[in-house]
Every structure is written in structure tokens, then in C-alpha cells.
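*Asks:* Sequence lines, in order, name chains E and U.
Just so you know, we're using this note's numbering here: the first sequence kicks off at 1 and counts up by one.
Just so you know, we're using this note's numbering here: the second sequence kicks off at 1 and counts up by one.
All the given hints hold, so there is nothing to weed out.
Okay, derived cross-link-like pairs now, EDC-like style, lysine to aspartate or glutamate, Cα gap no bigger than 16 Å in a straight line:
hint	chain 1	residue 1	chain 2	residue 2
1	U	107	E	143
2	U	137	U	111
3	U	119	E	143
4	U	129	U	111
A few chain E positions that, by computed beta-carbon distances, are all more than 12 Å from chain U:
hint	residue
5	14
6	27
7	56
8	61
9	78
10	155
11	169
12	192
Some chain E residues near chain U, calculated using beta-carbon distances under 8 Å:
hint	residue
13	125
14	126
15	131
16	132
17	134
18	135
19	143
20	226
For the record, the hints were derived by calculation from the structure and aren't laboratory data.
A virtual CB, placed ideally from N, CA and C, is assigned to each residue, including glycine.
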Amino acid sequence: MQTIFEQFGLLAAFWMTIKLTLWSALFATVIGTLVAIMRLSPVGILRQLGATYVTLVRNTPLTLIMIFSSIALSGVLGLVLASRDAPGGYIATQNFRLAVLALSVYHAAFVCEAIRSGVNTIPLGQAEAARSIGLTFSQSLREIILPQAFRGAVTPLGNTLIALTKNTTIAAAIGVAETALVMRNVAEFDPGLLWTAFGLIALGFVILTVPMGLATSFLAHRLAVKR
Amino acid sequence: MTDTNDGPRRTPDRPLVVLENVNKHFGDLHVLKDINLTVHEGEVVVVIGPSGSGKSTLCRTINRLETFESGRITIAGKELPQEGKDLARLRADVGMVFQSFNLFAHKTILENVTLGPTKVRGLKTAAAKDRAMELLKRVGVEHQAAKYPAQLSGGQQQRVAIARSLAMEPTVMLFDEPTSALDPEMINEVLDVMTQLAHSGMTMIVVTHEMGFARKAADRVVFMADGAIVEENTPEEFFTHPRSARAKDFLGKILTH
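If we strip away everything but chain U, and leave its shape as in the complex, we get (with noise of 0.2 Å):
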């Protein structure tokens, strides 16, 4: 495997997030099928595809914010629980960033920090503040802790709402086309907070459009197109060598502007 990104990398001996046969319809629509997708410990897989080809529902899956109706999904091993506080547990430990951040609109940029932490986690409120004045500086917005949502950008938005997940100490974090609803001017801060996560060992799926992402920090690229994942490679040779005609199109039409 070539590897041309730098930083702690994988360890392909342990797998972490685990589908197996996942179906899942929509009415008469087939939005995943037959999924099969190991993501190993540490591992960055980028998911691409055309819209529609059910990307976002693969990554809504993993934490049950969507339903399946057959297969199976392991997370370190364990089955997805179907309802209540186990499911909230698990979800605990799998982090969501969302296409429009979701910060919670009442709440300060702590509190929407804090607020996993100490009900989730029992953290006590200094210490859960500290480590949330440590993430928010990691993320570059800690200047805005006492702000509310909807005073920031869109780009300190997202890289908050990266601070939230990270505040839970997720094991695995899923990022939902974190860009798409972002100004172009400010993608590249939120991509830059994704790098360094990368960098850093943390296991992702990231479903997104920018392929400069998935070049930089992908380990893996899984492509998708209706409901199925055609093709499988390190960035380098998918976006060099595409094996499959659907793939070839889709890069086509989108690399050559």
C-alpha cells in the first residue's frame, strides 16, 4: 500500500467499525446494498459518490440515526443495539459531525461543549470546562466560548461542532459531508481541524466531496454509486487508476474543472 501521508497510521490488524450485508430501503428505494466495509483502528476512509448513492445513509447507519433492515454492524466488536440506553451509549462513543453543524441553538459554545461530558460522561463542570477551553483551542475558536451559535461563521460553527464530538472522546468519528453547506472561504479551516485529526490517529469515515481531502488525509477511498460500493483503493491509485466505468465517469466529470 502506498502511503504518502505522514503521521501515526493504522493498524490493520484490528478492525473497528464492521458491515456486514447492511440493506436498507426507502419505500421502494434500495439504499444500501449488501454494504460490506471494515474500517480498522486509526484508519481515515473517505466515502465518495455521486449524490443519491447513498453515502450519507451509510454514514447515519453506523450510529443508528438510520435503521437498517438487514446485515450487521459491529462497533470494537459489539452488535449496534436496537433502542435506549445501550444505543445511547454506543452513540457516545461514536462522534457525528453534521452538513449543518447542529449546534445546539439555546446553548453557549461551552455549554455545547460541556454538555456531553457531564451528562453522558458524569465529568464535573470545571474539569469538563477545561478540557472544553482546551478543545476549543485546538479547533482555533476559544475566543468565542461565551458566544451563541448562531453569532459565529459557519466554518467556526463546524470546527465547534468537531470540538463537541471530540469532548465525548469518541473512539471512531463520522463526518457527514462537513463542507456542503460551507462558504467556500471557509472549507479549508474545517478541513485543516480534519487533517490534524487524522494526523493524530483518529479513526474516520468521512463522507465528503473534496477530493483534496481524500488525497491528503485518506488512507482508503470507498466509492459509491446507487446504494453499493463499487470500488475500493488507496487514494493514490483510485484517483489515478479508477478500475471501475462508474468511476471513471464520476471522476471525469468532477476533476476536470
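Excised from the complex, chain E in its bound form (with noise of 0.2 Å):
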């Protein structure tokens, strides 16, 4: 059990993969953010290319989106995240960061349509009384709308966090350092300790979830806007 540890480095790979979590969680929801305020908007092309964008990328495999970031973007567009020096070496930087690009990217899509069924629980009066005040279009989403849409949102976004924790692992796809892909290595170069791999890095993802699951669930209840 302590080569896998030591020999194949699991205990730096479940923090990439926590790394990739937030890095990813944050992007996530600021572009989901933004894709639900253009789905919002009172402009028809901004709803179009919100809804566009959710079809596309919902529908799209998370495995094809990282090889796209990784193959397309990077390999034939010469897309460059990381500097030639960056510490921790250019091509480990610069793949984590095409996976951040691609688990944001989808999971963004996700949390865009989390926060429109969060939207969709709040009364219609809600949106006229913040007009009737005199509030502008970006005030009423900013004070009345959001708020009340991401409180009613937590079960949903939650389930986003959890989906996204263990996706992380499509990142072994372009050779991200990841519990995924020591996974890999094991069985490749030591498949006696398959098992015992197996059964760890599982319980490293329990690990992970359970607390999110839990989470979500007290602040689904804890932040619910009483009506």
C-alpha cells in the first residue's frame, strides 16, 4: 500500500484533483453565471446564443470537449495557458489548465441551467415589484433575482460540485496528474495492487462527496427563501 503512495504519488494526485475541483467550480460558475443572465436577458440574440450554448455543450461528452481543449485549441490553434517557465514545468501547467478550460466550459452549462430552475422558483411578482421601485434590468438580477435564484438553486448546484469532483478524472485523458490516471499507472506497471487502488482512490472520492452531499443538503435548507 505505501508504493502506491509513495511510488505513484496518490496522495498528489487526489490534490490535483481537488485543485482541478475549485479551479474549475470557480469558473464554472462565473461563465454558468453569465450563460443564465444572457438566457435571462430581455435581448432575443443574447437568449439564443445562451440557449445555443447550453445545447451544444450539454449534449457534448466531457471526454471530447478535454481532447478537443487539448488536441484543437492547444495543438493546432497554438492556444498557450502557461508560460514557457512556468514552475511545476510548461506542458503539466499548461495541460491543468486545459482542463480547467474544459471542465469550466461544460460544467458551466450545467450550472446555467441550475440557476434558471432556481429562477423558475421565484414569483413572477418578485421581478415586477423590483421594477415598480425603479430598479434598472442589472439591479433587479443583482438584488432580487440572483439571490433568491441561487438559494433555490443549492440542491441543484450541489449536484453540479459532486459531478464535477469525480469528472475530473476525464483530465488522465490529456495527461493530467490525477488520481485517474495513477489509477492507469498502476495497473500498467504494478496490476497486484490493482485492488488495493482501486478501493482507495474510491474512498478518497467518498471522502470528497459525502461533505458536499451533506452540505448541500443543510444550506438547501438553511438558505431556502421562506415564502
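Both chains come to you apart, so use the hints to assemble them.
*Replies:* The following block contains the structure:
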């Protein structure tokens, strides 16, 4: 068992999983919120763009987006996300950031739909009251609609975060040194440890995601808007 | 004009809200038919009529929560802007009280009242709070300032909604069936606040089924049926001598019990 930690760097791999999760969750939330605002806006073209984004991204397999990010964006189009002398090495940093990009873009579609489901929990009268005291569209969004939408969307947002955490394993496809890559290395170089590695990695994910589920339930209850 | 009310009265030569030939359809339904209505400064106009007569739509059209297809609406001589910041500015001057209160559910009572003044009028938080507390006191819910809307009774929520509108120092207040969603024992506490407001000289357009309020506080009653204004008169005249058959029929149905 010690070999898995020492030779295959399991703890470092989990740390990578956590980093992928946190950065991707951050960017997915930002992009998802922006797309949700587009879908709610009174401007037809923005609504269409938002809807197209969600339809396109949500229905594309994540593996495809991940490989697209690596081969098409980085390889063919020459997108550079890391500096040549990045600490930790250019290739590793570049791959990490490409993975975050793919994970963010993909989960943003789900974040957007979660927020929209939250918006649907808000009675129409809230927006009307906001407008009637003279708030502009963006002020109503900021002060009235989005705060209530996020509170109403805690459960689907939590589900998206849990899915995101597990989906970081796809980053192994473009060589990011996270848990799935450790799994692959163990299978290749030390198959005797396969079951142990499998058990440890599964346990690691349970340790990461179970608290997320509990926190989601707690927050959903705690933040619920009483009507 | 017979006037049994006390308190400051209207200045008939200063029109504040003017609707000219306003028409609106919901699909095939002609909900507002050539509406012409002038409300003067300080005047209290009560709009009554059977359900589906277009009175709520009329009320909501005045601050453009509903659009209309033809005609003109001006407030203090200015035509309603179509969209955007100008419209927001106009709405800030037109108070609106809804049937379902519509207090901001995630904000405290105090925050509900200070939001508009701070965000729209640019008032400092401390000044907005003082003013809000004053208004909450005026409507009798100052002790609930730290609570959330769902913790208050319907009557209290509606009084907060009135305070929220007043905080914007509106030139005219619209009431869209303000007591229709209330339990009977809470109707009077809201009507009392509205009556006080009417006597303080506020220009008000009130859609309601409360005939008592119409008699007590209105300068003029506007009777609507099938999307058109059928009759306009002083409350005295309207309730005792309705001229149109529709009004006679309507009053016969509601005043007998």
C-alpha cells in the first residue's frame, strides 16, 4: 500500500483532483452565471446565444471537450495558457489549465440550468416589485433575482459540484496527473496493487463528495427563501 | 361636486396621469378599449368593476408592467418611455402596491424599504434607515423591522409594501386590489393606512372591491366593464344614482348582502 503513495504519488494525485475541482467550480460558476443572465435577458440574440451554448455543450461528451481542448485548442490553434518557465513545468501547467478550461466550459452549462431552475422558483411578482420601485434590469438581477435564484438552486448546484469532482478524472485523458492517471499507472506497472489502488481511490472520492452532499442538504435547508 | 371627505383636496387644473385612447389586447381579447382617463394632482380615483373588466390591467399599464398597443399615457406631462433607464426612473416616481404584496422574500422588512432609496435615489444607508423606520412607524409595523416578510401577517406585509412605495416619495400611487388577498380581519388595517394616505393629499389610483373605502376616501369612482370605462362619477352619485345598466346590475349584485 505504501508503494501507491510513495511510488505512484496518490496523495499528490488527490491534491490535483482537488485543485481541478476548485478552479473548475470557480470558473464554471462564473461562466454559468453569465450564460444564465444571457438566457434571462430581454435581448433576443443574447437569449439565443445562451440557449445555443447550453444545448451544444451539455450534449457533448466531456471526454470529447477535454480532447478538443488539448488537441484542437492547444495543438492546432496554438492556445497557450502557461508560460514557458512556469513552476512545475510548462507541459504540466498547460495541461492542467486546458483541463480546467474544458471542465469549466462543460459544467457551466449545468450551472446555468441550475440557476435557471432557481429562477423558476421565484414568483413573477418579485421581479415586478423590483421594477416598480425603479430598479433597472441589472439592479433587479443583482439585488432580487440572482440572490433568490442561487438559494433556490443550492441542490442542483451541489449535484453539479459532485459530478464535477468525479468528472475531473477525465483530465487523465490529456495527461493531468490526477487519480485516474495513478489508477492507469498502477494497472500498467504494478497490477498486483490494482485492487488496493481501486479501493483507496474510491474511498478518496467518497471522502471528497459525501461532505459536499451533506453541505448541500444543510445549505438548501438553511438558505431556503421562506415565502 | 359634493365632497363629504375632509383633508386636503385636489387641484382640478393640474392633470398628473393622463390616458388617451389606450388600447390593449391579450391575443383576441380586447382588454382595454379606448381608455380615456385623467387623474389630477391630489385626487383619489377608485376603479371598480366585475372581474375581467380590465381594471387591474389598466392599473398595471400606467407604470408599464403591461404594454399597450395604441394610445398615449403621460405622467406629469411626460410620455411613458418604452424601455431601459428612463422607464426605471419613471417607475421610481410611481408607487405600486400589489394584490400579493410582493415583498422581497430574502430581505428583511427594513431592507425592503431601504433598497429603493439607496439603489435608485442614491440615499446614504443611515438616512434611508431613518426614513424607513419613520415610514414603518407610520404604517404601524416598526417593531417588525428586523424580520423577514414570511414572518409577518398578510396585513402587516401589505402595510410594509405601502411603506416601501412611500419611501420612493412617489408622485402617484397605484393600488392593484391591495386587500383582495387578505383575511377579512386584516382588511381594515390596510384600508386605514390607505385612507390616511388619501387624506394626506397623495394622488392615488385604487383598484378595489372595497366599496366602503370608495365611499370614504375617493374623489371619483370609475366603473369599468368589458375593458371600457362605462361610468365616472363622485362616490355619492355613483352609489346612489348609477346611470348605466351595467353599473346598476353590478351594484345590485354586491350591495344587497
